[in-house]
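Q: Here is how the chains run, residue by residue.
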Amino acid sequence: MTNRYVYGVMADEPVEFETDAVGGADRVYTVSHRRLNAVVSDIDTTDPEETDEDAQRHDDVLREIMDRDGGRTIVPMQFGMAFESDRALKNVLRGARPAFRRAMNDIDGRIELGLKVVREEDADVDDVIEEAVADRLEPIAAQSVPNDMFSDRLVLNRSYLVDRDDREAFDEAVVDLEDEYDDLMFRYTGPFAPYSFVDVKIGAQR
Amino acid sequence: MFILDDLLVRPFVGIVDTLHTMALNEMYDIDALEDELKENQLLYELGERSEAEYRERKAELEEEIEIARDVHERLTSGRVEVKS
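In the order they appear, the protein sequences are chains A and B.
Using our numbering, the first residue of the first sequence is number 1, and each one after it goes up by one.
Using our numbering, the first residue of the second sequence is number 1, and each one after it goes up by one.
No wet-lab data here; the hints were simulated from the structure.
As the structure is a computational prediction, the values presented were derived from the model and not from experiment.
Think of the CB as a built atom: it goes at the ideal place given N, C-alpha and C, for glycine as much as any other residue.
Check before you lean on any hint, since a few could be wrong.
Interface residues of chain A toward chain B, partial, derived using beta-carbon atoms under 10 Å [claimed, not checked]:
1) 46
2) 118
3) 129
4) 185
Computed far set for chain A versus chain B, every beta-carbon distance over 10 Å [stated by the list, open to error]:
5) 18
6) 23
7) 97
8) 102
9) 124
10) 130
11) 142
12) 148
13) 151
14) 154
15) 163
16) 187
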């Protein structure tokens, strides 16, 4: 298996550890170009199928790295980036260096949290909830982006980029909102690697 | 207006062909199916759907999405025969 599946890119020290990796591999390590380290595992294809299990493994590897050494910064890749050789991957790291640097600056010391607010079936909801959520959460978050409103039941679907140091305050604000709007359901998720706040796509260049 | 524009721009495409394509697009709406897949996941996570219900609906939707992709591929490659 000479293909490399990429989870993300970081500037910190290289890592190597055993885990359940995407596509049946059991070891995660880094391929480096100068000070950029791509976190990879071996895989037998350059076009991996996104099964639920492998999508979960992709997330788990990123979380494991984010939790290391008191919190590392990694620019996450979307599922499915695989390269046919170390050389191909290093070429991409070289070409996309400025973009990775910029992305690292944006997300340094930060995590992504997700919030979906869902109404009960057939319930009418006052628009005021959106304002209330914005008033409480936006001042704590560094940035936020709206997500796809894929269901009529969704009242709000947003991702927030939050400093690790502000995590507790953000959690508390969400709990307060939940208490206040107990006729609505809150789905609060994370922390994730900040997928929604980086825009480095490297797959097309392989 | 979509139908009118389409017919003006492509005068050789018969109205039956255009309507048929529109009907197929609506019947095999991949975006709507994908939205339903996400909703199914959300309702499961919120505890409104049991794991069995979630898995059953997920399998159905994935199959429908696969069929819809196949139909769209045939549509764009012109392999869907339009009978008028």
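Q: Next, verify each hint and record whether it holds.
A: Going down the list of hints, with the structure as the test:
The restraint placing residue 46 of chain A at the interface with chain B is violated, with a minimum CB-CB distance near 21 Å, outside the 10 Å limit. For the restraint placing residue 118 of chain A at the interface with chain B, the shortest Cβ-Cβ distance is roughly 6 Å, inside the 10 Å limit, so the hint holds. Proximity of residue 129 of chain A to chain B is violated relative to the hint, the smallest CB-CB distance being about 16 Å (cut-off 10 Å). Interface restraint check: residue 185 of chain A against chain B, minimum CB-CB distance 5 Å, threshold 10 Å, status holds.
Every C-beta of chain B lies more than 10 Å from that of residue 18 of chain A, the closest at about 30 Å, which supports listing it as non-interface. Here residue 23 of chain A stays apart from chain B, with its beta-carbon at least about 20 Å from theirs, past the 10 Å limit. For residue 97 of chain A, the non-interface assignment is confirmed: its Cβ lies about 35 Å from the closest Cβ of chain B, beyond the 10 Å cut-off. For residue 102 of chain A, the shortest C-beta to C-beta distance to chain B comes to about 30 Å, beyond the 10 Å cut-off, and the non-interface label holds.
No beta-carbon of chain B comes within 10 Å of the beta-carbon of residue 124 of chain A; the shortest separation is about 18 Å. The beta carbon of residue 130 of chain A sits about 18 Å from the closest Cβ of chain B, which is more than 10 Å, so the claim that it is off the interface holds. Every C-beta of chain B lies more than 10 Å from that of residue 142 of chain A, the closest at about 26 Å, which supports listing it as non-interface. The beta carbon of residue 148 of chain A is not kept farther than 10 Å from every beta carbon of chain B, the shortest such distance being approximately 8 Å.
Some Cβ of chain B comes within 10 Å of the Cβ of residue 151 of chain A; the nearest lies about 4 Å off, and the non-interface call is violated. With a closest Cβ-Cβ approach of about 8 Å to chain B, residue 154 of chain A is found to fall inside the 10 Å limit, against its non-interface label. Chain B leaves residue 163 of chain A outside its interface by the beta-carbon criterion, the shortest separation being 26 Å against a cut-off of 10 Å. With a cut of 10 Å on Cβ distances, residue 187 of chain A falls inside the contact zone with chain B, its closest approach being about 6 Å.
When the structure is compared with the earlier hints, violations turn up for hints 1, 3, 12, 13, 14, 16 and for no others.
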